[in-house]
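Q: Read off the chains here:
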Amino acid sequence: MKRELPFVLVFIFGMFMLLQYFVPHEKSEWVYEFFLAWTIIIGIFALALGIWSLFKVSVDKIKMHRPGWGYSYVTLAGLFVMIAFGFTKRNGDAWGLYHLWWILGLLCLGAIMQVRAETNTGRKKMYFVVSLVLLAATVAISIFDNTWSFHFYTSEGLENTLFRNFFDYIMIPILSTMFALLAFFIASAAYRAFRARNLMATLLLFAALLVMSRFNPWIPGAEYVAKASTWLMNVPNLAAQRAIVMGIGLGVIATALKVILGIERGYMGKG
Amino acid sequence: MALYKWFFVLGFIFCLCGMATAQESGVPPDSANIDTISQSIPPPAPVTDLQAFDTRNDHGHSITLKWKKSADDGAGNNSVIGYEIYTWEPNMVDSMAQLRSEIDQVRAAIYGGKKTGEDLKKKIRTLKDQYDILLEQLTVAHAGYPEGGEWRLVDKVPAGTETYVHLGSKEKLAEGYIPDYTDLYYRVDALTADSVVKTPSVVVGPVQCYGQWFNTEQVPVLITVILFGVLILYFVMLARKGKEIYVRPIGGIEAVDDAIGRATEMGKPILYVLGLGSVSDVATIAAFTILQRVAKKVAEYQTDLIVPTYDPIVMSVAQDVVKSAYYDAGRADTYKEDSVFFVTQSQFAYVAAVNGIMLRDLPATNVYMGKFYAESLLLAETGALAGSIQISGTDEIAQMPFFIVACDYTLIGEELYAASAYLGREPILLGSLKAQDYAKAAIIILSILGIIATVLGFTWFTEFFHVTS
Amino acid sequence: MNSIFEKFMKLDRRWIFLLLVIICVWAYKAKFTIPILIEDETRSIYDFIDSLPPGDIVFIAIDYDPNNLAELHPMTYAIVEHCWRKNLKVIFSALSQNGPGMADQAIRDISDSMKVDKEYNGVLYKGREIKNGVDYCFLGYKPYYGLVILGMGQNFRLPFPNDYYGTPLDSLPMMKGVINYDQVACVIDLSGGSITDAWIAFGQGKFGFPLALGLTGVMTAQYYPYLGSGQIFGLMGGLLGAAEYESLADNPGRAIDGMRVQLFAHLVIIFFIIMGNIGYFASQRRKKREEV
Amino acid sequence: MDFTTFLWMTFGVFVTLATFSFLYKDNPFYKFAEHLVVGVSAGYFVIILWHNGLVPNLFQKLADGDWYYLWLNSSEPWYIVPAILGMLMWTRFSREYAWVSRWPMAMYIGISTGIAIPLTMSTYINKQLYATMTLSFDNFWGHGGFNLLDPYSGLSNLIIFVGVISALIYFFFSKAHEGWFGRVADLGIWTLMIGFGASFGYTVMARISLFVNRIQDVDDWGKVAWNSTVEPNPNYSNWFLVVFWGMVLIIVVYIIKEIVQHFSSKSKAQTQA
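Chains as they are written, first to last, in my numbering: chain A, 1 to 271; chain B, 1 to 469; chain C, 1 to 292; chain D, 1 to 273.
Certain hints may be false.
Unchecked claim - 30 angstroms max Cα-Cα, derived DSBU-like pairs, lysine-lysine: (1) K7(C) to K31(C); (2) K115(C) to K223(D); (3) K124(A) to K31(D); (4) K127(D) to K66(B); (5) K66(B) to K270(A).
Unchecked claim - So, partial list: chain C residues that the calculated Cβ filter (under 8 angstroms) puts toward chain B: (6) Y144; (7) G146; (8) L147; (9) G151; (10) Q154; (11) N155; (12) L158; (13) I200; (14) F271.
Rather than coming from a laboratory, the hints here were simulated on the basis of the structure. Remember, predicted model here, so these are calculated numbers, not experimental data. Glycine is no exception: its CB is placed at the ideal position from the N, C-alpha and C atoms.
Assemble the whole structure, with the sequences as input and the hints as a guide.
A: What follows is the structure, encoded as structure tokens:
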């Protein structure tokens, strides 16, 4: 039951989906869509595990005072604030006690962290009381303040100004800057690795140099360089890609068949 | 016959109405202008040989139309610019559309959480019941052709076209739903540049659509899957019987053992990055089996392992895999629960965190296996900056150049899938590598035969391998 | 000598980063033009338009969405301004759903820049007012682009009885006597999607007018075969193509600005690769000498 | 643009620069930005998955617009199955019953590998094989005259064909790369390397434009701060400049601190030596 049932399930579901591909009928399509919905829903439920893991790692870091533990507060604050914003929206033009509410909520979270991290019993008790008071205040505001409300079943929270601002002015700049770091890393990687050590490295180097100079007007025969780089992209690059794709295809099918037939079992835990 | 003609005229009037409503701009065109053009374009010849049949190899709810183009399309007067496809629909589809929009409104009201005092739940149920009743009558109404219905425009296609697939929705509550096993009628009008001048074809029908139970277009795929499966099973059996199988050395895989040893010597951890794939990517599953071997060695050598993950299910599976690897190595006591942890489900936020780990924990070895996208170079360059030995393997072709440039060892494409067999050295798994080689040999031979066939003009040979959809 | 190159080989990568930042910011802020390597495919479009006598009509199809704006908008600006400075008339159409708004904005922007005197390739052009109906006609958007392209082959008034602003085409002075593609010198399709195929198959294929394409960078490679077969007379690809046109027209704009940064950033990278290799060979030689 | 928006914008520029500072070295600013974005993005995905995943894919299927009766009243009550399977994943919280979570995982893996097999066979093998088989050798020396650099000539297609075959031979696992076989495999790996080099070189342009976009954003911020945008800001006040200079001050102070630290540690190292 513990050991074998998962592999039996993999076999049954795998075989079914494999055969389903050849059956276009509505009924088989219905099952296919239903199973796809399963994977989505299971994935969402699993996110709770992920968030718990993130939470636990951060909390442990604070508790153990590991290097850089202070920054874990930033992570936790960002996480909770974002979730709070995503479920709430103001009803009119005024915010009421909304800002007070989420700030108190964060303070409450901080106090709970202190309860966990503190070793001195006296101070532990104090933080406990503080966190209880803050919690009570937060709950009270969310019950009695009518200027804003919770929305769990509709996506009004996505239009919350604070939610949008956090997305537009924190997430987007950092994420796109991370992406933009590639401009530098592509330069340093090229500098470090493109050395004519052997024939293979030399081919890599020359192909890259040629393509990089495709719009450089100052090199002799510039026109032919542009044409040659187009040729490189459409001929050797295409050949390489096609060979790799077919190899990958065989690898994917072989691995998937081994998984379904229970020959390969390393991906699943035992015990 | 007289009745038929009568409907012909009626249909023509309807299609005029359709065109009038299809007119987008509110201002009517200059009437004098229209007259001059109308005079210049005589009505074109109609399309001939119109056929309608159920679309093959699909789930139903779709009809394919075929016709021979009008004599004035590309020849003759050369006046045809396109065709309009019409289908006959009973008038009750209007009331169905009405019900649909009402249902949508009520649903929006319910999800909007607005308290109206009305029992919306009850209302939506009655509306749906009404809709179901109409749906049941739909087939009967279609059979009543040509009474109680009208021709409606389905689509327009440009001149030169000779086939059209009327792709309906299979969702009963969606617009454009075509019922299965129901008599449908079609007509194709030859269209000139002047929207008034057009010639309808004869009506074709009744025709019914329905779903198929086997997709004949996919036969080549089925055959190749079965052949490959048999090949794998055969070599696995052979390996099980104890036949020795040679595999050539692959640099990246040999390096894994050394890298773990090096990490132990330096007393530094090993970072294993599973990429951005979810469990549904086979590359990630291959990465799990490699993780299992790596974790076992790590447990034996008593080194630390860090596995930051991007997907919560990948995290769960990875935890399971690492834990059992520690059990297998007999070191269950040294397994640390939080060596596999979740970071976030955002590509570059994940990269930011992993880069931070690399610079702060300074792992001796970074292993990247699985699906990687634009973050490949961000990770690999930071790892190189931190002075780690780096081994990578991905099946994302676009990222391979970056891994090759920035990592010490790279498994190119298929080598990723071969790696777990290599690391384990289990004869059964090596057997499947042999099968993959035979499949590659088959591909090479077929390509050569195919190209000869193409040069000689034997298209039947290449067409056999042609998968259209 | 050797030691300098060898130092270069082991250079801290942060110097590369610093140089790259400085070069990029400088190239972004600087306002000089760089020579752009002109390919034949772009030059033929420029030459074609440049050789048209004043009063001829150019048809420009703006068939891209806002997400391809960065690459294709500079082409529109360069070509249209070139046409107007040459006293050519322009018919615009926008057959992609989100196209009309962008096209309208582009027309207004270019009209504004036409009000000032400017010198191009050594010739001074007086600024003038661009008038709707005299210098240009904007047809707007209609669905079923294949049919629209075919319909315009008969008469522009069939798919577009009125222009984008609601004026009947016949009351526009420049459309007097302009029936269909026969009265148009050439069609230039600027597109980021499948509408290009319709222009080639239904437009050029059926009516035989001269057609040129301006495409996004990723699409360009697929359309080279049409150049070989003579179905299109010119092809501009991505930001690079736009910069080529701007450079030919001596009208530096966003594309050349972008290419300036690109060119210098690429040069920095190539420079470091070459220096690294020289250092590598220098150290190899020294090693050999030491061994001897 | 009002002042609050400008403050947000300034914060955006601050985290942008903080992230770029990673290029120099790991520092408190980068750590702050990193930890912030991890938390915020995790929270963001919780919300997105809730509103765009859980609600339409599960809640609405079960409740069908009727919250209070839940699935008893739904037209698709079977959607309770994936919900239960999803909850089985939560057995991982317990040490004792964690093995139960393997069932949903096994189903997930079974479903996805099953889908992958025919799909991969069709797109990765059959279609590529067909494309290789039907390479045409017409116009051998190029379209319209002799042209070696014509990527669509018959010669180029021949090179593609040879490249594909030799690269496939490189991937053979069960045969040593020796003799003629090894030489063909070498040709294969050369093809791969040329292809990789070319696509590396080709990507540089796109990556540089990403950086240019970031410069643009910072530049826009500066323009707003100095009110030199195309359309002057009616809400502009001197506070914008105060914020601007405050930001500049933070950057300058940090740079000075780093320089001082750099030299003091250098002199320390010298004295120790």
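Q: All the hints need checking, so say for each whether the structure fits it.
A: Each hint tested on the structure:
Between K7(C) and K31(C) the alpha-carbon distance is near 34 angstroms, which puts this suggested pair outside the 30 angstroms criterion. A C-alpha spacing of about 26 angstroms is found between K115(C) and K223(D), which places the hinted pair at or below 30 angstroms, so the restraint holds. In summary, the hint linking K124(A) to K31(D) is supported, as the alpha carbons are separated by about 29 angstroms, within the 30 angstroms threshold. With a C-alpha separation of about 27 angstroms, the suggested pair K127(D) and K66(B) falls inside the 30 angstroms cut-off, and the hint holds.
Between the alpha carbons of K66(B) and K270(A) the distance comes to roughly 58 angstroms, so the proposed pair goes past 30 angstroms and is violated. Evaluation of the Y144(C) hint against chain B yields a held restraint, the C-beta minimum of about 5 angstroms falling below 8 angstroms. The restraint placing G146(C) at the interface with chain B holds, with a minimum CB-CB distance near 3 angstroms, inside the 8 angstroms limit. The beta carbon of L147(C) comes within 4 angstroms of a beta carbon in chain B, closer than 8 angstroms, and the hint placing it at the interface holds.
Interface restraint check: G151(C) against chain B, minimum CB-CB distance 5 angstroms, threshold 8 angstroms, status holds. Evaluation of the Q154(C) hint against chain B yields a held restraint, the C-beta minimum of about 3 angstroms falling below 8 angstroms. For N155(C), the interface hint holds, since its Cβ comes within 8 angstroms of a Cβ in chain B; the closest pair sits about 6 angstroms apart. Among the interface hints, the one on L158(C) holds; its C-beta lies about 4 angstroms from the nearest C-beta in chain B, closer than the 8 angstroms criterion.
The beta carbon of I200(C) comes no nearer than 13 angstroms to any beta carbon in chain B, farther than 8 angstroms, and the hint placing it at the interface is violated. The restraint placing F271(C) at the interface with chain B is violated, with a minimum CB-CB distance near 18 angstroms, outside the 8 angstroms limit.
Checked against the numbered hints listed earlier, the structure breaks hints 1, 5, 13, 14; every other hint is satisfied.
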